[in-house]
Amino acid sequence: GDSVTQMEGPVTLSEEAFLTINCTYTATGYPSLFWYVQYPGEGLQLLLKATKADDKGSNKGFEATYRKETTSFHLEKGSVQVSDSAVYFCALTGNTNAGKSTFGDGTTLTVKP
Amino acid sequence: NAGVMQNPRHLVRRRGQEARLRCSPMKGHSHVYWYRQLPEEGLKFMVYLQKENIIDESGMPKERFSAEFPKEGPSILRIQQVVRGDSAAYFCASSPPPGQTNSPLHFGNGTRLTVT
Numbered sequence: 009g010d011s012v013t014q015m016e017g018p019v020t021l022s023e024e025a026f027l028t029i030n031c032t033y034t035a036t037g038y039p040s041l042f043w044y045v046q047y048p049g050e051g052l053q054l055l056l057k058a059t060k061a062d063d064k065g066s067n068k069g070f071e072a073t074y075r076k077e078t079t080s081f082h083l084e085k086g087s088v089q090v091s092d093s094a095v096y097f098c099a100l101t102g103n104t105n106a107g108k109s110t111f112g113d114g115t116t117l118t119v120k121p
Numbered sequence: 486n487a488g489v490m491q492n493p494r495h496l497v498r499r500r501g502q503e504a505r506l507r508c509s510p511m512k513g514h515s516h517v518y519w520y521r522q523l524p525e526e527g528l529k530f531m532v533y534l535q536k537e538n539i540i541d542e543s544g545m546p547k548e549r550f551s552a553e554f555p556k557e558g559p560s561i562l563r564i565q566q567v568v569r570g571d572s573a574a575y576f577c578a579s580s581p582p583p584g585q586t587n588s589p590l591h592f593g594n595g596t597r598l599t600v601t
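Residue numbers (our numbering), protein chains in the order written: chain A, 9 to 121; chain B, 486 to 601.
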């Protein structure tokens with residue numbers, strides 16, 4: 009079945025540092041890929057998405073590129089802020105399971121001033 | 486802003502009691518998904534419903550757990566005879582029809598169940 013593997017956390021960075029959170033996936037066919045962010049006490053919010061190979065999703069300075077050859081969707085940001093502290097989830101929706109999404113275990117990011 | 490509404494936000498139950506968690510999807514969404522998040526763990530899929538139909542319940546425990554999404558009213562996740570291991574955050578998400586693969590999920594803020 010489908011699966012998503014995320015880089016283990018927690019990750020602690022200083023403000024303005026470069027961020028990479030790795031994500032690789034296993035799925036049949038051509039899934040859509042997503043990054044969600046969860047702030048304390050809240051539900052998940054969509055951060056960005058990519059629906060086909062070589063697509064780049066971007067939002068709020070975060071970027072991720074759909075790499076089919078390496079089955080990866082790594083999240084990057086050039087300069088993190090304290091307000092980026094949250095849990096980040098990589099997810100996929102396969103084209104064989106009608107909308108059901110599979111999530112990675114999440115990576116906790118803490119940005120220190 | 487009629488997002489996904491879950492209630493209650495916090496629910497405390499003693500062992501053996503029943504827990505009922507409610508979810509109203511976003512306006513126009515007819516697909517509802519329930520996920521469970523255990524402490525320090527990721528999201529685990531439980532069940533996927535359309536109005537009056539269970540589409541996929543492969544993530545639901547075989548006993549004590551049930552879900553419904555009636556023609557009128559919210560989706561309900563019911564846990565009977567709760568045990569301490571049921572303590573978790575339960576998230577509901579919705580999506581527009583017909584469950585297109587490139588549609589993101591819209592999540593509620595969750596119900597945090599504590600079993601004492």
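The set of hints was computed from the structure by calculation and includes no laboratory data. Note that CB positions come from ideal geometry on N, CA and C, so glycine has one too. Take these hints with a grain of salt, some might be off.
[What the hints assert, rightly or not] Simulated DEER-style distance windows between Cβ atoms:
| no. | chain 1 | residue 1 | chain 2 | residue 2 | range |
| --- | --- | --- | --- | --- | --- |
| 1 | A | Gly-69 | B | Glu-537 | 25 to 31 Å |
| 2 | B | Pro-493 | A | Ser-91 | 24 to 30 Å |
| 3 | A | Asp-63 | B | Gly-513 | 22 to 28 Å |
| 4 | A | Gln-53 | B | Gly-513 | 28 to 34 Å |
| 5 | B | Lys-512 | A | Glu-77 | 38 to 44 Å |
| 6 | A | Glu-50 | B | Glu-553 | 34 to 40 Å |
| 7 | A | Val-90 | B | Lys-556 | 22 to 28 Å |
| 8 | A | Gly-86 | B | Gln-565 | 31 to 37 Å |
A quick look at each hint next to the structure:
1. Gly-69(A) - Glu-537(B): 25 to 31 Å: Given about 43 Å between the Cβ atoms, the range is violated.
2. Pro-493(B) - Ser-91(A): 24 to 30 Å: Holds: the Cβ-Cβ distance is about 28 Å, inside 24 to 30 Å.
3. Asp-63(A) - Gly-513(B): 22 to 28 Å: holds, 26 Å
4. Gln-53(A) - Gly-513(B): 28 to 34 Å: Violated, since Gln-53(A) and Gly-513(B) (Cβ atoms, about 19 Å apart) do not stay within the stated range.
5. Lys-512(B) - Glu-77(A): 38 to 44 Å: holds, 40 Å
6. Glu-50(A) - Glu-553(B): 34 to 40 Å: violated, 26 Å
7. Val-90(A) - Lys-556(B): 22 to 28 Å: About 46 Å separates the Cβ atoms of Val-90(A) and Lys-556(B), which means 22 to 28 Å is violated.
8. Gly-86(A) - Gln-565(B): 31 to 37 Å: Cβ of Gly-86(A) to Cβ of Gln-565(B): about 50 Å, so the range 31 to 37 Å is violated.
In summary, the structure is inconsistent with hints 1, 4, 6, 7, 8 from the numbered list given earlier, while agreeing with the others.
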